[in-house]
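A.B. asks: Chain residues, written in single-letter form:
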Amino acid sequence: MNAPSGDDAAIVAAIIAGDEQAFLGLVNAHHASLVRLARMWVRDDALAEDLVQDCWLTALNAIRTFQGRARLKTWLCGILHNLARARLRKERRTVSFDEPGSEPAVPAERFRPDSHRWPGHWASPPPHWAQSPEKQVLTAELREKLEEAIAELPDNQRMVLILRDVEGLDGEEVCNVLGVSDTNQRVLLHRARAKLRASLETVYARGGL
Amino acid sequence: VTRPVDLSCKAVVEMLTDYLEKRLPHEALVRLEQHLVWCVWCDDYLEQLKHTIAISGQLPGQQPSLETVEKMKAMFASWKGTK
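These protein sequence lines map, in sequence, to chains A and B.
Numbers 1 to 209, taken from the working numbering, label the letters of the first sequence in order.
Numbers 1 to 83, taken from the working numbering, label the letters of the second sequence in order.
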């Protein structure tokens, strides 16, 4: 059994010892992430804040059970998702991860048809993006585009994408938090990333940056 | 230059998440990388995907409001009192 690692262990020990600053530090570090995740389940800021406060209380009450098998962040995400799921069940809403769907990530019409000399090769290739790899700056325009595209994703794709790419959890952590299989997690992530890329295409391709 | 025509661009774009996750079987990995060597469009697409992932990680969150912080202090004090 792993003991909680480094920083996480120290924070948990301090909280158990009654150190308010340690708790507030944890809140500061993760509150924004938890609110973002809560907003995936409830479509209202006030309800999301409620849910996150529930999450903090549940976490405090369970803090002694934290064994460091997961990072603190992942542990908190797991608590939040369990609370959210319980709440949704009461409202008879669910989010399914079992059927990730089978549509291609890139629309078929962007490729040459089977009858073509080069079937399946780009008919409408991705326009080159006027950006240098080391300059990955999130401008206000990009931020707006991205947030819009994320909001338009189906629930299951949005949850996987936010946990993976926005919050930085790894695949295994996402599977644990959402209770999704590894294969479906990758399929959902794949679709979601392709849609975000497509939405950014309109910004980058006209060289507007 | 010979073109490994066995893998279409359409197939390649569907393999890129598994590629980035390092989950492709060896043979598929070799075919994919061969394709990326000559297909500048698919290579561009891959770079754009990586760029999208990188900037998604920069989306800022909302810091807790003063009101939230006060609620958290009260919650902690009452939790401390009952434990």
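Worth flagging that the hints you see were computed from the coordinates, not collected in a lab.
As the structure is a prediction and not an experimental result, all values here were calculated from the model.
Do not take every clue at face value.
[As the list claims (entries may be wrong)] Facing chain A, from chain B, some residues (calculated, C-beta under 7 Å):
| no. | residue |
| --- | --- |
| 1 | 8 |
| 2 | 10 |
| 3 | 19 |
| 4 | 34 |
| 5 | 37 |
| 6 | 38 |
| 7 | 46 |
| 8 | 48 |
[As the list claims (entries may be wrong)] Which residues of chain A face chain B? A partial, calculated answer using Cβ under 10 Å:
| no. | residue |
| --- | --- |
| 9 | 15 |
| 10 | 33 |
| 11 | 47 |
| 12 | 61 |
| 13 | 89 |
| 14 | 105 |
| 15 | 182 |
| 16 | 190 |
| 17 | 191 |
[To be verified] Here are the simulated distance ranges between beta carbons:
| no. | chain 1 | residue 1 | chain 2 | residue 2 | range |
| --- | --- | --- | --- | --- | --- |
| 18 | A | 115 | B | 29 | 38 to 44 Å |
| 19 | B | 58 | A | 108 | 29 to 35 Å |
| 20 | B | 25 | A | 10 | 37 to 43 Å |
| 21 | A | 183 | B | 50 | 20 to 26 Å |
| 22 | A | 91 | B | 75 | 55 to 61 Å |
For glycine and all other residues, C-beta sits at the position ideal for the given N, C-alpha and C.
A.B. asks: Would you mind marking each hint as holding or not holding in the structure?
C.D. replies: These are the hints, each one checked on the structure:
For residue 8 (chain B), the interface hint holds, the least distance from its beta-carbon to any beta-carbon of chain A being 3 Å, beneath 7 Å. Interface restraint check for residue 10 (chain B): the shortest CB-CB distance to chain A comes to about 4 Å, inside 7 Å, so the restraint holds. For the restraint placing residue 19 (chain B) at the interface with chain A, the shortest Cβ-Cβ distance is roughly 10 Å, beyond the 7 Å limit, so the hint is violated. Look at residue 34 (chain B): its Cβ only gets to about 15 Å from chain A, farther than 7 Å, so that hint breaks.
Violation of the interface hint for residue 37 (chain B) is found here, the shortest Cβ-Cβ separation to chain A being roughly 15 Å, above the 7 Å cut-off. Given the 7 Å rule on beta carbons, the hint for residue 38 (chain B) is violated: about 11 Å separates it from the nearest Cβ of chain A. Interface hint status for residue 46 (chain B): violated, as the beta-carbon distance to the closest one in chain A is roughly 10 Å, over 7 Å. At about 5 Å, the closest approach between the beta carbon of residue 48 (chain B) and any beta carbon in chain A falls short of 7 Å, and the interface hint on this residue holds.
At about 8 Å, the closest approach between the beta carbon of residue 15 (chain A) and any beta carbon in chain B falls short of 10 Å, and the interface hint on this residue holds. With its C-beta approaching chain B no nearer than about 6 Å, residue 33 (chain A) sits inside the 10 Å limit, and its interface hint holds. A distance limit of 10 Å between C-beta atoms decides the matter here; for residue 47 (chain A) the minimum to chain B is near 14 Å, and the interface restraint is violated. With a least beta-carbon distance of about 7 Å to chain B, the hint placing residue 61 (chain A) at the interface is held under the 10 Å criterion.
Because the closest C-beta pair between residue 89 (chain A) and chain B is about 25 Å apart, greater than 10 Å, the hint is violated. A distance limit of 10 Å between C-beta atoms decides the matter here; for residue 105 (chain A) the minimum to chain B is near 6 Å, and the interface restraint holds. With its C-beta approaching chain B no nearer than about 9 Å, residue 182 (chain A) sits inside the 10 Å limit, and its interface hint holds. Hint status for residue 190 (chain A): holds, given a least beta-carbon distance of 4 Å to chain B, under 10 Å.
The beta carbon of residue 191 (chain A) is positioned within 10 Å of a beta carbon in chain B (closest approach about 9 Å), and the interface hint is therefore held. Between residue 115 (chain A) and residue 29 (chain B) the beta carbon distance is about 30 Å. The supplied range of 38 to 44 Å is therefore violated. Taking 29 to 35 Å as the suggested C-beta distance range, the pair residue 58 (chain B) and residue 108 (chain A) conforms, at roughly 32 Å. Here the CB-CB span from residue 25 (chain B) to residue 10 (chain A) is close to 42 Å, well matched to the stated 37 to 43 Å.
Range check, residue 183 (chain A) to residue 50 (chain B): about 22 Å between beta-carbon atoms, so the 20 to 26 Å window is met. In this structure, residue 91 (chain A) and residue 75 (chain B) break the distance hint of 55 to 61 Å, their C-beta atoms being roughly 25 Å apart.
Going through the hint list in order, the structure does not satisfy hints 3, 4, 5, 6, 7, 11, 13, 18 and 22.
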